[in-house]
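Asker: The chain contents come next:
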Amino acid sequence: MTRDVILDKLKKAIVEELYLEDVTEEDLSEDMVLFGEGLGLDSIDAVELVVIVEKHFGVAVKNADEAKTAFASLGVLASFIEERLAG
Amino acid sequence: MPDATGSQRGPEGAGPQHAVADGREVDPPQHTGTGEQSHPDSANRSGSGDSAQPDAQAKGQQQSATDWSSRSLAGKWRHRFFYLFLRVFGVKAAKIPLFFVVCGYVLVPSVAGRATHYLERRFPELLEQPCLRARLTRLRHTFRLYWSFACVLLERAAAGILGRCSVAPDPDCLAKITELLGKGKGLIILSAHVGAWQTALAGLRFGPRVNILQPRDGQDIDLHVFEHAGADATAESGRTVEAVGSISSGGIAGTGITGDAASTASTASVEKDCPEQAYRIIDPLGGFGGLVEASAALRNGEILCIMGDRLMPAESLRLQTEFLGHPAVFPGSAYLLAAMTEAPVAVVFSRRTGECRAECSCYASFDVPRKAGKKADSAAPYAGIFASALERYCKLEPYQFFNFHSIWKIEGDNDA
Numbered sequence: 001m002t003r004d005v006i007l008d009k010l011k012k013a014i015v016e017e018l019y020l021e022d023v024t025e026e027d028l029s030e031d032m033v034l035f036g037e038g039l040g041l042d043s044i045d046a047v048e049l050v051v052i053v054e055k056h057f058g059v060a061v062k063n064a065d066e067a068k069t070a071f072a073s074l075g076v077l078a079s080f081i082e083e084r085l086a087g
Numbered sequence: 001m002p003d004a005t006g007s008q009r010g011p012e013g014a015g016p017q018h019a020v021a022d023g024r025e026v027d028p029p030q031h032t033g034t035g036e037q038s039h040p041d042s043a044n045r046s047g048s049g050d051s052a053q054p055d056a057q058a059k060g061q062q063q064s065a066t067d068w069s070s071r072s073l074a075g076k077w078r079h080r081f082f083y084l085f086l087r088v089f090g091v092k093a094a095k096i097p098l099f100f101v102v103c104g105y106v107l108v109p110s111v112a113g114r115a116t117h118y119l120e121r122r123f124p125e126l127l128e129q130p131c132l133r134a135r136l137t138r139l140r141h142t143f144r145l146y147w148s149f150a151c152v153l154l155e156r157a158a159a160g161i162l163g164r165c166s167v168a169p170d171p172d173c174l175a176k177i178t179e180l181l182g183k184g185k186g187l188i189i190l191s192a193h194v195g196a197w198q199t200a201l202a203g204l205r206f207g208p209r210v211n212i213l214q215p216r217d218g219q220d221i222d223l224h225v226f227e228h229a230g231a232d233a234t235a236e237s238g239r240t241v242e243a244v245g246s247i248s249s250g251g252i253a254g255t256g257i258t259g260d261a262a263s264t265a266s267t268a269s270v271e272k273d274c275p276e277q278a279y280r281i282i283d284p285l286g287g288f289g290g291l292v293e294a295s296a297a298l299r300n301g302e303i304l305c306i307m308g309d310r311l312m313p314a315e316s317l318r319l320q321t322e323f324l325g326h327p328a329v330f331p332g333s334a335y336l337l338a339a340m341t342e343a344p345v346a347v348v349f350s351r352r353t354g355e356c357r358a359e360c361s362c363y364a365s366f367d368v369p370r371k372a373g374k375k376a377d378s379a380a381p382y383a384g385i386f387a388s389a390l391e392r393y394c395k396l397e398p399y400q401f402f403n404f405h406s407i408w409k410i411e412g413d414n415d416a
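These protein sequences, in sequence, are chains C and X. One point on numbering: in this note's numbering, the residue at position 73 of the first sequence is 73, and numbering is uninterrupted. One point on numbering: in this note's numbering, the residue at position 371 of the second sequence is 371, and numbering is uninterrupted.
Bound-form chain C, shown alone (with noise of 0.2 Å):
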């Protein structure tokens, strides 16, 4: 799976099993943060976002703090999860 395709299906499930309210895909950008100023997502997200991770790419976000680093914004997570289906 490439960076891209994983990107786009990010975008996707973020927007459909996030609920995000006039949020669309062409909204988020690789760079925008998603916790705090940017997305606005919250702990609660947090925990949604690693059970999205895991289930349309079975890759585990085990932490905190690896969330921390696998969260930091769309593109982050993206690259994540491709090292992590390289590896």
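Be careful, since some hints might not be right.
[To be verified] Selected chain X positions facing chain C (in silico; Cβ < 8 Å):
no., residue
1, 291
2, 293
3, 317
4, 336
5, 375
[Unchecked claim] Pairs of lysine-lysine, PhoX-like flavour, derived with a Cα cap of 25 Å:
no., chain 1, residue 1, chain 2, residue 2
6, C, 9, C, 68
7, X, 371, C, 55
8, C, 12, C, 55
9, C, 55, X, 183
10, X, 92, X, 76
11, C, 55, X, 185
12, C, 68, C, 55
13, X, 371, X, 183
14, X, 371, X, 185
15, C, 62, C, 12
16, X, 371, C, 12
17, C, 9, C, 55
18, C, 62, C, 9
19, C, 62, X, 183
20, X, 371, C, 9
21, C, 12, C, 68
22, X, 95, X, 76
23, C, 62, X, 185
If you are wondering where the hints come from, they were derived from the structure by calculation, not from laboratory data. Backbone N, C-alpha and C define an ideal beta-carbon position, used for all residues, glycine too.
Use these hints to put chain X onto chain C, whose structure you have.
Answerer: Positioned in the frame of chain C, the structure of chain X alone reads:
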């Protein structure tokens, strides 16, 4: 006594409680539906519930509801004195100085006042009685509540230091927990600051590891049951907290469970491993409110204990529901976590039944189905179930509610 499926018992059982196991949906109790997101940036979420409350009110709720600390009222030396006294003279003798400490607290207005939020709602007649009579009644209620709390804390230390404690889950509770663990989705035990909750959590033995979502102040000086053991690992080993009836992976395993004193402890993360049980404290003040670790534990089939009556600063969902006749704010993340991980929820409260004795009962159990859309709408009915169960507990055990922070303290409620 409550039963395992949340049906009503006792004279107070006329509330709206209808919790079920196995995902059957039954009339959840009334709730205000005014759940709110604490994160201002979450405003773009569909149906977050924000619109139900003005910003100022939401802000006020956020500020007041999390304005608490886990730090003990007593100083380091007072703790050490009691730990030493316990070790040398035992539990009964330690209650003599404890009595004077409690009397002191009851007479100090700033300390006695911490019980006001609860007492005035549990005993509304306090507000109706003539002044002098109300003062005397309030004094009596405050003393009974604080004495009960002091005994619970003393016996928690006794459990850790002397190994003298018996925690007995009632048979219905054991059966329910066994059944819920059998689903293989982990289990969320939702409890509250009632009875001998800390001793109960440490004393009960289940098959899977127990994770406790609990903040620890770096300055905390009062120790958990297993921290006493860890702090004292060089002394005699094999101290026990006896659990009458335990659950192993194969089901109810019998009676009498021993603990292991050789554990290590730190204030940020405490982990205890022994053949039959392991504990881990997950810090909700850590990354993502500890929920990533919590969900990983549940997916691993483990048990997660959450206090359902206290808002953590990082709590992302606050729900308003009736409790003891007044609107109160409860955390909602536990229910969303249950929905996401498909872990069943058991509402379990402990009750101090005598010196160094406690009993656990399951007041409700339910599955939280995943629903599209509003987070608050998904979780709010279950906060209502929890509040209703807690209210039944408070009516049965009026002097064993130890949440001294006002969960009723919301904006516009000057009385709270």
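Asker: If you test the structure against every hint from before, which numbers come out violated?
Answerer: none
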